[in-house]
Structures are given as structure tokens and as C-alpha cells.
Amino acid sequence: KNEVEQSPQNLTAQEGEFITINCSYSVGISALHWLQQHPGGGIVSLFMLSSGKKKHGRLIATINIQEKHSSLHITASHPRDSAVYICAVINYNTDKLIFGTGTRLQVFP
Amino acid sequence: KAGVTQTPRYLIKTRGQQVTLSCSPISGHRSVSWYQQTPGQGLQFLFEYFSETQRNKGNFPGRFSGRQFSNSRSEMNVSTLELGDSALYLCASSLRSRGDIQYFGAGTRLSVL
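As you go down the protein sequences, you meet chains F and H in turn. Per my numbering, the very first residue in the first sequence carries number 304; after that it's consecutive. Per my numbering, the very first residue in the second sequence carries number 8; after that it's consecutive.
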């Protein structure tokens, strides 16, 4: 079993829909990152969380440390949001960064 | 402020050769991390450098090595290339550690024939 699991693996949506991507992890962590990767490979860091909730524009990230779970929400989705979204955690004991396998999102107009 | 710069962007090598990839971090950033991305394994952490010292290392064989210079620029070297080393190699910089926001370069796509 992977230490970081994401769901769903693939997601399609119509423009304007509210989207949720989930990340569960099985190790103690010091921080969690949400990353966005567009076709061609470029990766952008969206959020770094260690507790609570963060909001940036139409993106909201939450984390529940007790439940070892984080969610990334996209409100009013747009075709330009189409990308792979990757959750990554820093293992508290080893200090290593462990990645989820990613969620491929396609938003259609 | 210039972003993270990786060179070269594309590289083709043959089995047994060695390769050196370069990463110039954002000015002022002292932590540089390297990652490998393949379709089968996804993203995996290779190593992190801070102030010219390797601070952490992933589960990769000794053929993978790196270093960081006093200006925070980093290089990654892979010796005795294998077909399975074909991947996108990404470098990311942050102010102090991987617990800070990471800024990624565009990556170097390595193909081993």
C-alpha cells in the first residue's frame, strides 16, 4: 500500500463545476504540499499546509491531521484548470518527501 | 526574479554513459531538491542539498549523486546509465527546506537508448 493515496485517479468535469480531490496518507507528517503539473511537465506549487485551511483564488486546501487526510477544492472550474494534481507529504521521521500518484483533471467547456 | 533554471532541457544518452544535469535556484534560495518522474513510478525524491551539504537522500543507487556549489547552484550526476533511468528530472528550490513552498524548474528530459 502506498504511503500517500489520492482519489480519484481521473476526473472529468464541466466548466463551472465544484471539484474535490482527496489525499490520504499513512505516516506522520510535518507538512503537506499540493502541486499542479500541466502537460509538458512544468510543476507549480499550489499550497503548503501543516494545519487548517488555505485559500488562493478559486483553490482551497484543507488538512485534517488527526484523520491524515487533505482535500483540494476548485470552485467554478475552468478548462485551464486541466492538469495533474499531486499531493506530497514530508515524513516527520525521515524528512523525506513522498508523492501521491496524482489526479488527472480534465475540465470541458 | 528569475525562476529555477534547469539545463539542458532534453538529453539523449546511451547505456553505460554518464550524464550531468544542472539546476540554478531562485536567488536567495539555499535548499535545492532533485526528483525523478517516470510513468511507472511517478515522482520520487532523489536528494536535497542545503549550504553545499546533502541533507537528505531518497532510495536510489549510488550511481545517482549530486553536489551544490557556494552560489547554491546544484548539479546531479548519473553514472553508468541504464534504460530505466529515462525520466524527467526535476529540480526545486526553496528558501530553507522542503517544508517551505517549493519552486520547480521545467525539468530535464533524459532518454537513455
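Honestly, the hints are just simulated from the structure, not real lab data. Hints are not guaranteed to be accurate.
[Said to hold, decoys possible] Calculated pairs, DSBU-like style, for lysine-lysine (alpha carbon to alpha carbon, straight line, at most 35 Å):
1. Lys357(F) / Lys371(F)
2. Lys20(H) / Lys64(H)
3. Lys356(F) / Lys399(F)
4. Lys20(H) / Lys371(F)
5. Lys357(F) / Lys399(F)
6. Lys64(H) / Lys356(F)
7. Lys64(H) / Lys357(F)
8. Lys371(F) / Lys399(F)
9. Lys371(F) / Lys358(F)
10. Lys399(F) / Lys20(H)
11. Lys358(F) / Lys20(H)
12. Lys358(F) / Lys399(F)
13. Lys356(F) / Lys371(F)
14. Lys64(H) / Lys399(F)
> Of the numbered hints stated previously, which ones are contradicted by the structure, given in increasing order?
Replying inline: 4, 11
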